[in-house]
Amino acid sequence: MNREVASSMASTAIVAISRRGSDLARSLAKSLGGSTTLYLERRLLADSDDAVAFDLPARPVVKQVFEKHEKLVLLMPVGAAVRLLSPYLSDKHTDPAVVCVDDAGRFAVSLLSGHLGGADQLAQEVAHALGATAVVTSASHVTGTLAVDMLGQEFGWQLEAAPLTVTRASAAVVNGDPVGIYQETGEPDWWPADLPLPQNLQAFSTLEALAAAPCRAALVITDRRAPPGSKSRTYNSALPRKFTVVYRPRSLAVGLGCRRGVPTGELEKLLDQTFRRNNLSPKSIRCIATAQLKQDEPGILSLAEKLGVPLHCYSNQELNAVFEGQPQSTESPEDWNAEDGDADGPGTRPTRSEAPHRLLGVWGVSEPAALLAAGAKELVVAKEKTSRATIAIARVRFE
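So the sequence shown is residues 0 to 398, counted in numbering that gives the first Met the number 0.
For the record, the hints were derived by calculation from the structure and aren't laboratory data. Values in this document were obtained by computation on a predicted structure and should not be read as measured data. Just so it is clear, CB atoms sit at the ideal spot from N, CA and C, and this is done for glycine as well. Among these hints, one or two may not hold up.
[Claimed, not checked] Taking lysine-lysine pairs in the BS3-like style, the calculated list, with each CA pair at most 27 angstroms apart, reads:
1) Lys376 x Lys282
2) Lys384 x Lys268
3) Lys282 x Lys268
4) Lys29 x Lys62
5) Lys305 x Lys268
6) Lys305 x Lys282
[Unchecked claim] Between beta-carbon pairs, the in silico distance windows are:
7) Ala320 x Thr385: 41 to 47 angstroms
8) Asp54 x Pro262: 50 to 56 angstroms
9) Thr205 x Thr263: 36 to 42 angstroms
10) Glu353 x Gln316: 27 to 33 angstroms
11) Ala202 x Arg105: 28 to 34 angstroms
12) Gly374 x Arg105: 56 to 62 angstroms
13) Pro227 x Phe154: 20 to 26 angstroms
14) Gly32 x Glu377: 43 to 49 angstroms
15) Gln201 x Ser26: 43 to 49 angstroms
16) Glu353 x Lys376: 36 to 42 angstroms
Given only the sequences and the hints, what does the whole structure look like? Please build it.
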């Protein structure tokens, strides 16, 4: 079956302009599978091909796939690919990954967007599928050190730094300059456990120690908006004379409860104010958590979707189990949000309330939901509330 129009949702495009290249392209398309679209020059098309037909010259189809797909495999000489792609290049943050394969199927060359776009990984996958050799020239790859712009990407960490700062920090890593790392939270296995860190990289146990060290660059992994207990408003000012890159791990579980019909905007305002008040970064939100009785609440559903995080819902039995051994609150019924059921906790442990338990059978929502979602025993932020909603925050336990 021949296709004249390709879906823009396909993430990988394979383009061949020669007979030998088309044979390799067919084999590669079968190996990669998934959302892969095959583009073949019309004269090379067979009746059995599930491919998009195009006519030479190749520039129009290269422009098409460049704009529609996240990853490109071009079966053509590197020089030809460079000339065809050059008018459309923007920057490594937005350009698709591009891999070139020669007609003999000997080499898979990572050509464009090696780290951020994933071309280095794609080149290795293509090489494995074709029995070829992957050619990767990214400095961090060939020197066996970490890639500043890729650190924690597999865990969903968000990088927070100006592009020029990232470039300079990357140069420091590759050139062997002293680079300090401070990790407060997040997945600990961002570097292979069986490999020592490169000699120019040093882990510090405190931010103060990193600030005092003569490092060219600093990599900070934290969910705090700004350095704690510091007059400095940013990590850049807390770490002077260093190219500082901050990573936001997905480390915070947000428990929410609300009255029925509370709009998304009101919940979002409560969340933003709570995070700002407690010096936490919303970029580190891992999930929203609530009770099953709130699983269809439009405001909560919409907020989770807007943040791009999953919503976890827990039964009354699961929520109540968190309170075993905890004291009973003296909260009065008029202070209680009947649709939420949380009580003000005096510390980092949840506190149960009699009123919601008597009416709904649950001792609380936002605090235990946050703890369950985080797999934690203590709260980072005990319940805070408005007249119609409550929020609590727990930090994920990373083993």
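Evaluated hints:
no.: 1; hint: Lys376 x Lys282; in the structure: 22 angstroms, holds
no.: 2; hint: Lys384 x Lys268; in the structure: 11 angstroms, holds
no.: 3; hint: Lys282 x Lys268; in the structure: 15 angstroms, holds
no.: 4; hint: Lys29 x Lys62; in the structure: 24 angstroms, holds
no.: 5; hint: Lys305 x Lys268; in the structure: 13 angstroms, holds
no.: 6; hint: Lys305 x Lys282; in the structure: 12 angstroms, holds
no.: 7; hint: Ala320 x Thr385: 41 to 47 angstroms; in the structure: 27 angstroms, violated
no.: 8; hint: Asp54 x Pro262: 50 to 56 angstroms; in the structure: 53 angstroms, holds
no.: 9; hint: Thr205 x Thr263: 36 to 42 angstroms; in the structure: 39 angstroms, holds
no.: 10; hint: Glu353 x Gln316: 27 to 33 angstroms; in the structure: 18 angstroms, violated
no.: 11; hint: Ala202 x Arg105: 28 to 34 angstroms; in the structure: 41 angstroms, violated
no.: 12; hint: Gly374 x Arg105: 56 to 62 angstroms; in the structure: 48 angstroms, violated
no.: 13; hint: Pro227 x Phe154: 20 to 26 angstroms; in the structure: 23 angstroms, holds
no.: 14; hint: Gly32 x Glu377: 43 to 49 angstroms; in the structure: 45 angstroms, holds
no.: 15; hint: Gln201 x Ser26: 43 to 49 angstroms; in the structure: 46 angstroms, holds
no.: 16; hint: Glu353 x Lys376: 36 to 42 angstroms; in the structure: 23 angstroms, violated
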